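Chemist: Taken in order, these protein sequences are the chains called A and B. Counting along the first sequence from 1, when you hit position 186 you're at 186 in our numbering, and nothing is skipped either side. Counting along the second sequence from 1, when you hit position 127 you're at 368 in our numbering, and nothing is skipped either side.
None of these hints come from the bench; they were simulated from the model. Warning: the hint list may mix true and false statements.
List time: in silico DSBU-like cross-link candidates among lysine-lysine, alpha-carbon distance up to 35 Å [said to hold, decoys possible]:
1. 249(B) / 149(A)
2. 371(B) / 324(B)
3. 30(A) / 371(B)
4. 5(A) / 249(B)
5. 558(B) / 371(B)
Chain A stretches covered by chain B per the calculated footprint, using a threshold of three residues with CB under 8 Å from any CB of chain B [to be verified]:
6. 20-34
7. 104-117
8. 180-194
What follows is a set of in silico ranges between Cβ atoms, one per label pair, in the way DEER data are often shown [said to hold, decoys possible]:
9. 427(B) / 96(A): 27 to 37 Å
10. 6(A) / 278(B): 57 to 67 Å
11. 48(A) / 505(B): 55 to 65 Å
12. 404(B) / 100(A): 25 to 35 Å
13. 45(A) / 549(B): 29 to 39 Å
14. 310(B) / 95(A): 52 to 62 Å
15. 411(B) / 45(A): 44 to 54 Å
16. 373(B) / 45(A): 49 to 59 Å
17. 539(B) / 77(A): 54 to 64 Å
18. 307(B) / 34(A): 36 to 46 Å
19. 525(B) / 45(A): 39 to 49 Å
20. 95(A) / 460(B): 45 to 55 Å
21. 539(B) / 237(A): 24 to 34 Å
Model, not experiment: these values are computed from the prediction. Yeah, the Cβ is synthetic: ideal placement off N, Cα and C, and Gly gets one too.
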Amino acid sequence: MRLNKEWTKFSLPLFLLAGAGFLVIWYFVKNPGGAMAARILTYQHIGWLLAQHILMVLISSFMAIMTAVPLGIIVSRPRLRVAGVIIENTVNIAQTVPSIAVLALFFTFLGLGFSTAVFALWLYSLLPVLRNTYAGMKLVPAEIVEAAKGMGMSPRRVLTRIELPLAIPVIMAGIRTAVVINVGTATLATFIGAGGLGHLIVTGITVQRHELLFTGSVLSALLAIFCDHMLGGLESLVRPG
Amino acid sequence: MARKIPWKLVLVIGIVFSMGFLAAGCGGGSTQTGAGQISKWVFATDHEFSVRPDGLPELQKAYDFQFDDIRVMDLGVTYGALKDGEVPVAMGFATDGRIGAYGLVNLEDDKHFFPVYNPAPVVRKEVLDKYPELEEILKKISSRLDTETMIDLNGQVDVEGKEVTDVAKEWLTEEGLLSETPPSEKKGKIGVGSKEFTEQLLLGAMTVQLLENNGFEVEDKTGLAGTNVVRQALETGEIDLYWEYTGTAWLAHLGHEEPITDSQEAFQKVKEEDLAKNNLVWLDYADFDNTYTLMMRKEDADALGIKTISDLARVIKED
Numbered sequence: 001m002r003l004n005k006e007w008t009k010f011s012l013p014l015f016l017l018a019g020a021g022f023l024v025i026w027y028f029v030k031n032p033g034g035a036m037a038a039r040i041l042t043y044q045h046i047g048w049l050l051a052q053h054i055l056m057v058l059i060s061s062f063m064a065i066m067t068a069v070p071l072g073i074i075v076s077r078p079r080l081r082v083a084g085v086i087i088e089n090t091v092n093i094a095q096t097v098p099s100i101a102v103l104a105l106f107f108t109f110l111g112l113g114f115s116t117a118v119f120a121l122w123l124y125s126l127l128p129v130l131r132n133t134y135a136g137m138k139l140v141p142a143e144i145v146e147a148a149k150g151m152g153m154s155p156r157r158v159l160t161r162i163e164l165p166l167a168i169p170v171i172m173a174g175i176r177t178a179v180v181i182n183v184g185t186a187t188l189a190t191f192i193g194a195g196g197l198g199h200l201i202v203t204g205i206t207v208q209r210h211e212l213l214f215t216g217s218v219l220s221a222l223l224a225i226f227c228d229h230m231l232g233g234l235e236s237l238v239r240p241g
Numbered sequence: 242m243a244r245k246i247p248w249k250l251v252l253v254i255g256i257v258f259s260m261g262f263l264a265a266g267c268g269g270g271s272t273q274t275g276a277g278q279i280s281k282w283v284f285a286t287d288h289e290f291s292v293r294p295d296g297l298p299e300l301q302k303a304y305d306f307q308f309d310d311i312r313v314m315d316l317g318v319t320y321g322a323l324k325d326g327e328v329p330v331a332m333g334f335a336t337d338g339r340i341g342a343y344g345l346v347n348l349e350d351d352k353h354f355f356p357v358y359n360p361a362p363v364v365r366k367e368v369l370d371k372y373p374e375l376e377e378i379l380k381k382i383s384s385r386l387d388t389e390t391m392i393d394l395n396g397q398v399d400v401e402g403k404e405v406t407d408v409a410k411e412w413l414t415e416e417g418l419l420s421e422t423p424p425s426e427k428k429g430k431i432g433v434g435s436k437e438f439t440e441q442l443l444l445g446a447m448t449v450q451l452l453e454n455n456g457f458e459v460e461d462k463t464g465l466a467g468t469n470v471v472r473q474a475l476e477t478g479e480i481d482l483y484w485e486y487t488g489t490a491w492l493a494h495l496g497h498e499e500p501i502t503d504s505q506e507a508f509q510k511v512k513e514e515d516l517a518k519n520n521l522v523w524l525d526y527a528d529f530d531n532t533y534t535l536m537m538r539k540e541d542a543d544a545l546g547i548k549t550i551s552d553l554a555r556v557i558k559e560d
């Protein structure tokens with residue numbers, strides 16, 4: 001019974017968000033406000049852009065988690081304290097580079113398109129995840145770790161059974177931040193020919209068709225909330241207790 | 242205690258995912274294997290051109306062909322995408338300096354689909370009445386400029402990084418327009434304006450230097466931000482002349498809806514209407530057209546014998 005209630009609490013907002021998204025798409029496909037916008041505002045085209053957007057965010061975020069979490073754990077080891085401080089500061093400084101500059105920078109090396117966009121997004125979302133993993137691991141009280149060692153736990157067990165579970169809320173907060181930022185930043189990918197919802201936004205701006213601009217930005221906002229809620233659900237699944 | 246996290250599963254999923262991404266990343270890339278061998282006709286365009294009624298959709302109708310795929314990107318990116326072989330055809334602006342520097346060629350718009358944007362000096366009538374010799378002086382510039390020259394000059398500034406004033410001076414000197422001995426008699430004051438992009442700055446700098454060489458005292462107001470600002474400055478008399486494009490004046494300043502696609506016709510109509518309505522005189526226009534263009538790499542175009550957009554349409558349909 002308890003699970004059922006939890007499941008409803010988790011899934012209902014997701015359905016509402018998806019419903020709102022479909023409503024927005026449906027409305028603007030029916031009322032594109034002119035032939036120019038109607039050329040882009042079709043179910044097929046919006047679906048394709050949405051799929052590109054989701055794929056970009058999904059791949060880059062997943063790669064960021066797969067790289068930044070282990071890296072954060074490694075640099076949080078007491079033996080690597082100096083490396084940890086260096087990496088934390090580098091990461092803080094790197095985060096101040098505007099996302100469009102990151103995209104432009106890698107565009108010159110890697111060329112056009114989807115993979116470059118994913119790479120830039122990966123790099124950009126690496127930072128919050130890494131920082132939060134490091135901070136989360138550092139926040140685990142030393143007494144608990146000591147106690148676990150005293151009970152005869154192996155270092156690996158201390159890590160997987162004590163430290164990681166206690167650090168999970170902070171790590172997850174970093175992941176959520178990264179993914180939400182990613183959904184927004186991915187709208188810039190259209191500048192280097194990688195498609196995504198930014199296509200609607202930028203076209204809307206350049207030809208002054210607010211229907212396009214609105215569809216693109218609302219869908220991207222809904223997607224960000226959707227992802228955040230999904231990860232919130234995932235968090236409660238992996239959280240201790 | 243904590244629920245057990247399936248670390249191994251997470252790891253396996255991660256590896257599979259990363260491999261998939263790598264494979265996908267390597268799959269993309271060039272559409273070109275050798276000169277003239279194009280596997281897929283992909284077109285690089287900016288956002289605006291991809292939807293505008295006088296852009297891609299109607300262009301494909303007018304020439305009766307279809308690109309296999311369209312990639313939408315930022316305007317400045319299309320030149321590089323074409324140069325690097327990511328796409329075989331791209332849109333751009335016909336006098337952009339990168340066309341020459343990157344080894345690209347413009348395809349001729351043989352069906353006159355694109356509206357024309359020929360630049361010409363626009364002078365306030367009372368100033369021209371006072372100094373009728375302005376017409377002859379400015380004609381020296383406009384009669385000597387064509388698309389290739391302008392691409393080259395724009396490229397010297399945008400790609401090679403030279404100063405606008407130096408490029409203008411070099412060109413004027415090469416063309417023998419600057420006399421060594423400036424005229425002794427001093428003439429009155431002329432305000433010269435321009436918009437803020439390279440081609441306009443070049444035209445402005447050429448005008449300033451040539452007028453000074455002819456004894457005018459020139460007030461240099463080049464590099465004003467935006468068409469409307471410059472135009473307002475001319476109408477209110479803050480400046481006396483600047484170079485405007487026929488298409489821009491027709492559509493933006495004179496407020497017409499239908500673009501004109503013939504240079505001579507556009508010039509005549511704009512000239513008549515601007516004189517009648519605003520007391521502005523259009524002097525002879527230069528024979529280059531800063532309008533939309535389709536571009537290809539030179540070696541591809543040569544290998545396939547493509548010179549015009551009609552040729553391109555034919556080749557794409559044959560494929």
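Chemist: Hint compliance check: list the failing hint numbers for this structure, sorted ascending.
Modeler: 2, 3, 5, 6, 9, 11, 14, 18, 21
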